[in-house]
Amino acid sequence: MEAAVQFTCGRLDEAKGAADSLHRFILGADERPVELDAPAIAELGDAVAQGLFAQGVFPHTPEELLTALDGAAPELAVQRTFVVGEGTQFPAETPGSGLRAFLVTRGEGPDGPDIFVSTSAPDAGFLEVMAWDRVRQGFNYYQTRGSEEPWVFAGNSADALRSPSAGVGPFESHPSGHLVMKELRFPWVHWHSSAATVRADAVSAELVNHAWFTARDGAQDLEVGAVMPAIRRWTRARLQMAVAADGTVADPRQIMRSFVTTPTVNLISSQTQIGPVLNGAVETFDVPHAFFIDSECLHEILGLPAPGPEQLTLASALYRDVLTARNVTIRQDGEALLAPPQDTHFAFVVPERAFEDIETVRVAVEIGLVSRRLAACLLMVDFSNPVFSERRAALLDRVPPTATLTDGQSSFSEDCANAILGSEAARTDGTPEAEFAQLWSAGEDWPARFSPMLTDYFAAIAAELGTADGADRVFRLAESRRGQVRAMPIGGETQLLFALPEPRLDERLRMLPTAAVVTA
Amino acid sequence: MAKLAQFSIPANVADPTSGDLTGAWHDMVASIVSEQSAAFPQLYDPTAVDTPANAQLHRIPWHAFPATLNRKTASARARAELADGDRDNQDEYCEWSVERDGEDITKVSFTTEVPEYYSTLAQVDPEALLSLYHELVSPDVLVDELLSGGEYDPVNAWNRRTDGPIMHLCQTTNTLGAAIVLAAQATVLRQRDGIPVTDQQDLVICGGLGGPFRNSDPQIAAAINGLAATGVRLTLEDPIGLYIDRFETAGMRFPNGVDPDECWIAERGDADHTVRARFQLPPGKGTVSDVTIDGAPIRFGAQLADRVVIRIGARSHSPGSLEPQIKGCEPPV
Numbered sequence: 001m002e003a004a005v006q007f008t009c010g011r012l013d014e015a016k017g018a019a020d021s022l023h024r025f026i027l028g029a030d031e032r033p034v035e036l037d038a039p040a041i042a043e044l045g046d047a048v049a050q051g052l053f054a055q056g057v058f059p060h061t062p063e064e065l066l067t068a069l070d071g072a073a074p075e076l077a078v079q080r081t082f083v084v085g086e087g088t089q090f091p092a093e094t095p096g097s098g099l100r101a102f103l104v105t106r107g108e109g110p111d112g113p114d115i116f117v118s119t120s121a122p123d124a125g126f127l128e129v130m131a132w133d134r135v136r137q138g139f140n141y142y143q144t145r146g147s148e149e150p151w152v153f154a155g156n157s158a159d160a161l162r163s164p165s166a167g168v169g170p171f172e173s174h175p176s177g178h179l180v181m182k183e184l185r186f187p188w189v190h191w192h193s194s195a196a197t198v199r200a201d202a203v204s205a206e207l208v209n210h211a212w213f214t215a216r217d218g219a220q221d222l223e224v225g226a227v228m229p230a231i232r233r234w235t236r237a238r239l240q241m242a243v244a245a246d247g248t249v250a251d252p253r254q255i256m257r258s259f260v261t262t263p264t265v266n267l268i269s270s271q272t273q274i275g276p277v278l279n280g281a282v283e284t285f286d287v288p289h290a291f292f293i294d295s296e297c298l299h300e301i302l303g304l305p306a307p308g309p310e311q312l313t314l315a316s317a318l319y320r321d322v323l324t325a326r327n328v329t330i331r332q333d334g335e336a337l338l339a340p341p342q343d344t345h346f347a348f349v350v351p352e353r354a355f356e357d358i359e360t361v362r363v364a365v366e367i368g369l370v371s372r373r374l375a376a377c378l379l380m381v382d383f384s385n386p387v388f389s390e391r392r393a394a395l396l397d398r399v400p401p402t403a404t405l406t407d408g409q410s411s412f413s414e415d416c417a418n419a420i421l422g423s424e425a426a427r428t429d430g431t432p433e434a435e436f437a438q439l440w441s442a443g444e445d446w447p448a449r450f451s452p453m454l455t456d457y458f459a460a461i462a463a464e465l466g467t468a469d470g471a472d473r474v475f476r477l478a479e480s481r482r483g484q485v486r487a488m489p490i491g492g493e494t495q496l497l498f499a500l501p502e503p504r505l506d507e508r509l510r511m512l513p514t515a516a517v518v519t520a
Numbered sequence: 001m002a003k004l005a006q007f008s009i010p011a012n013v014a015d016p017t018s019g020d021l022t023g024a025w026h027d028m029v030a031s032i033v034s035e036q037s038a039a040f041p042q043l044y045d046p047t048a049v050d051t052p053a054n055a056q057l058h059r060i061p062w063h064a065f066p067a068t069l070n071r072k073t074a075s076a077r078a079r080a081e082l083a084d085g086d087r088d089n090q091d092e093y094c095e096w097s098v099e100r101d102g103e104d105i106t107k108v109s110f111t112t113e114v115p116e117y118y119s120t121l122a123q124v125d126p127e128a129l130l131s132l133y134h135e136l137v138s139p140d141v142l143v144d145e146l147l148s149g150g151e152y153d154p155v156n157a158w159n160r161r162t163d164g165p166i167m168h169l170c171q172t173t174n175t176l177g178a179a180i181v182l183a184a185q186a187t188v189l190r191q192r193d194g195i196p197v198t199d200q201q202d203l204v205i206c207g208g209l210g211g212p213f214r215n216s217d218p219q220i221a222a223a224i225n226g227l228a229a230t231g232v233r234l235t236l237e238d239p240i241g242l243y244i245d246r247f248e249t250a251g252m253r254f255p256n257g258v259d260p261d262e263c264w265i266a267e268r269g270d271a272d273h274t275v276r277a278r279f280q281l282p283p284g285k286g287t288v289s290d291v292t293i294d295g296a297p298i299r300f301g302a303q304l305a306d307r308v309v310i311r312i313g314a315r316s317h318s319p320g321s322l323e324p325q326i327k328g329c330e331p332p333v
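Protein chains in written order, with this note's numbering: chain Y, 1 to 520; chain L, 1 to 333.
To be clear, the hints were calculated from the coordinates, so they are not data collected in a lab.
Keep in mind that a hint or two might mislead.
[Stated by the list, open to error] The list that follows gives simulated cross-link-like pairs (lysine to aspartate or glutamate, EDC-like), each with its CA atoms no further than 20 Å apart:
1) Lys285/L to Asp104/L
2) Lys72/L to Glu507/Y
3) Lys72/L to Glu335/Y
4) Lys72/L to Glu300/Y
5) Lys107/L to Glu262/L
[What the hints assert, rightly or not] Computed footprint of chain L on chain Y; a stretch qualifies when at least three of its residues, placed anywhere within it, have a C-beta under 8 Å from a C-beta of chain L:
6) 170–184
7) 226–238
8) 251–257
9) 270–276
10) 362–370
11) 460–467
From the three backbone atoms N, C-alpha and C, an ideal C-beta is built for every residue, glycine too.
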């Protein structure tokens with residue numbers, strides 16, 4: 001069963017005071033909101049704090065904020081607006097249809113925008129702001145709830161990584177302090193993009209002629225121009241901050257968490273919309289590679305060859321049969337919003353490894369803290385489950401609590417491997433430690449040893465996708481992983497992220513390297 | 001805004017001929033537009049009908065990397081190799097070539113110039129055509145190498161290259177005519193079994209509007225179709241053409257203190273219309289391969305194509321003034 005999602009962000013409402021005031025309330029660290037005086041505000045190094053709050057300017061709608069920034073931060077004049085909504089592709093009269101949020105960015109450059117504003121409308125009272133702190137690094141998280149309410153500083157990205165604020169407040173859904181764009185990659189399901197236009201009938205009459213909508217940018221620009229650079233920016237900063245001048249690495253387990261656990265996920269889907277799948281206009285559709293494997297880390301970062309030139313595909317008819325048999329559609333509070341069988345606008349939305357964790361892997365390898373061999377051996381443990389692998393996660397306890405990195409050299413990889421190899425579990429068949437030991441024994445010949453494992457795996461998946469029973473098993477596996485996302489803070493914001501079968505499938509499954517789907 | 005006097009040359013590039021290229025170009029575009037306007041009245045001919053000053057401008061953007069390749073392979077490297085290696089794969093109204101010195105990339109040239117311009121140029125002034133090839137492709141080009149059966153050959157060996165300077169688009173569907181026809185046909189609202197078809201891919205499949213899995217065709221079709229649904233009168237922005245809208249540098253790291261703006265150089269077009277650009281580092285500042293994207297050095301032109309934004313423009317006015325055509329799906333090809 002899915003765990004109940006407990007949000008703590010609502011506690012930010014406890015900040016009370018004048019509308020022209022800023023209160024610090026870092027949940028977990030602060031017992032109660034504290035109004036910040038001028039010297040405290042001056043320590044916040046972002047453009048909103050320095051250009052507005054420190055000058056006594058406290059705008060209370062997104063438009064007021066952006067107008068105020070025109071004068072206060074002219075270097076951030078470039079503005080882009082993006083729109084998202086899980087119901088934007090529903091017929092207009094459908095419950096849940098329409099836009100959910102605007103994301104407005106300010107600034108541009110190699111590191112992307114400095115300011116991100118998330119809100120429901122240009123004149124909304126509730127808005128959330130992430131602003132890059134040019135002094136301390138990391139994003140500062142702000143929120144205000146209306147013209148009568150104060151602003152709240154809810155923490156900096158670095159607070160996501162340290163106790164007692166880790167995992168609390170905004171860091172429930174930003175577990176490493178990063179910007180979140182769940183549907184980060186093509187075709188950016190739920191976003192207006194070059195792959196799926198959010199049409200005028202998805203917005204209210206008040207907004208349809210507003211520049212935020214008429215001049216909206218596509219998610220393809222948000223991915224490349226804003227979110228990926230922002231994630232890289234904080235990843236580089238946090239890893240630089242993690243290494244002290246004497247080479248001591250603070251809490252290497254914090255970094256290795258991105259290798260072996262699933263702190264958060266992105267969502268990926270087929271590149272094919274569900275319409276042509278259901279009406280038979282396409283005979284087959286692509287199934288996202290990243291559902292089956294950590295393709296970016298294994299292929300793009302570590303260079304293991306991607307098996308075969310072709311994308312994995314599933315016959316439309318088989319998938320249609322599964323959706324029909326399982327009574328799948330978009331549901332809210334148990335009610336079907338669309339007549340089954342249905343799926344999300346782009347078919348088969350599933351969780352994939354989060355880009356912020358992939359980027360941490362990339363940088364940890366680049367700076368020499370983690371060897372390519374260690375990275376490969378860790379990621380190949382239970383490789384057929386790129387997310388939510390309890391087997392891989394169990395290895396986190398073996399990670400040494402200390403490490404040093406000097407001039408790009410570190411013994412950490414050997415130390416980490418030895419810690420796993422030296423464990424009692426490594427000598428017990430079937431344990432993750434024993435699996436790691438087997439992989440580690442490949443030595444520097446690991447690429448040649450691991451490649452056939454992936455090739456065999458993908459051949460087995462292709463066979464599984466070619467049968468009705470196999471298609472159903474893959475659907476059940478997807479549903480199992482979706483259930484785990486629903487239990488995460490980022491999955492609890494809306495019920496419309498995924499389609500749902502009825503009756504529900506409350507099972508926890510995993511895939512074996514043989515492509516068999518078994519109970520986890 | 002009154003009637004357009006004539007269709008302008010793409011990007012308002014200067015007429016290099018001794019003849020009347022402007023007139024010939026207008027005639028060529030007018031023949032396509034008038035035919036399409038007759039069949040699809042919601043897309044009007046701006047040389048025949050007034051465009052009011054308050055007509056709204058819509059610039060429809062997409063990225064130049066061929067989205068169809070995303071469906072062919074899951075490997076980013078394999079996709080890049082496919083995209084760089086065959087101009088036929090570059091089907092988003094933008095094509096490019098990659099010049100190398102050994103393994104290092106020295107220059108990547110992008111073009112959105114339509115083949116019709118060069119065919120027209122060849123008819124008006126073959127010498128001017130040859131001069132442009134000498135200037136932008138190679139001084140070694142011979143006029144006979146550009147012609148086939150006395151006609152200009154858009155897929156001539158010089159222009160088809162993937163590893164040297166190129167002149168214009170040559171992939172079969174990357175033509176101005178295809179873009180105009182797509183826009184015209186997209187004004188038709190589609191229904192299947194009485195249900196409106198508006199999903200981008202389904203709209204393209206149903207209406208026979210090009211490649212459903214490209215970036216460009218579904219984006220153009222959906223944008224035009226969505227406007228048409230409001231009963232507006234539509235025309236394409238003059239000069240009608242496919243343009244390089246911008247180049248995205250976020251997430252790129254440049255060596256030796258190089259300013260990104262020094263590396264992206266518009267080569268043809270006016271301030272608001274670029275049809276040819278190159279990515280190249282200033283002399284002595286390194287090669288393209290010294291630049292990193294996503295933390296990895298540039299090994300393929302396709303990595304840059306992913307950051308090149310292409311656009312086509314349309315103007316609309318008078319919503320509710322026309323009843324859109326409504327049809328069922330076209331038979332599958």
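Results of checking the hints against the structure:
Distance hint between Lys285/L and Asp104/L is fulfilled; the C-alpha atoms sit about 13 Å from each other, no more than 20 Å. Distance check on the hinted pair: Lys72/L and Glu507/Y sit about 33 Å apart at the alpha-carbon level, beyond 20 Å; violated. Taking the CA atoms of Lys72/L and Glu335/Y, the gap is about 37 Å. The hint is violated against a cut of 20 Å. Of the pairs offered as hints, the one joining Lys72/L and Glu300/Y holds, with about 17 Å between alpha carbons and a cut-off of 20 Å not exceeded.
For the hint pairing Lys107/L with Glu262/L, the CA-to-CA distance comes to about 13 Å; that is within 20 Å, so the pair holds. Coverage of the region 170–184 of chain Y by chain L is violated in this model, with 0 residues showing a Cβ closer than 8 Å to a Cβ of that chain against a need of three. Counting residues of the region 226–238 of chain Y whose CB falls under 8 Å from any CB of chain L gives 4; the rule of at least 3 is met. Counting residues of the region 251–257 of chain Y whose CB lies closer than 8 Å to any CB of chain L gives 0, so the stated coverage by that chain is violated, three being the minimum.
Counting residues of the region 270–276 of chain Y whose beta carbon lies closer than 8 Å to any beta carbon of chain L gives 5, which reaches the threshold of three, so the coverage claim holds. Restraint check on the region 362–370 of chain Y versus chain L: 3 residues with Cβ-Cβ distances below 8 Å, three needed, restraint holds. With 0 residues having a Cβ less than 8 Å from any Cβ of chain L, the region 460–467 of chain Y misses the three-residue criterion, and the hint is violated.
Consistency with the previously given hints fails for numbers 2, 3, 6, 8, 11, ordered from lowest to highest.
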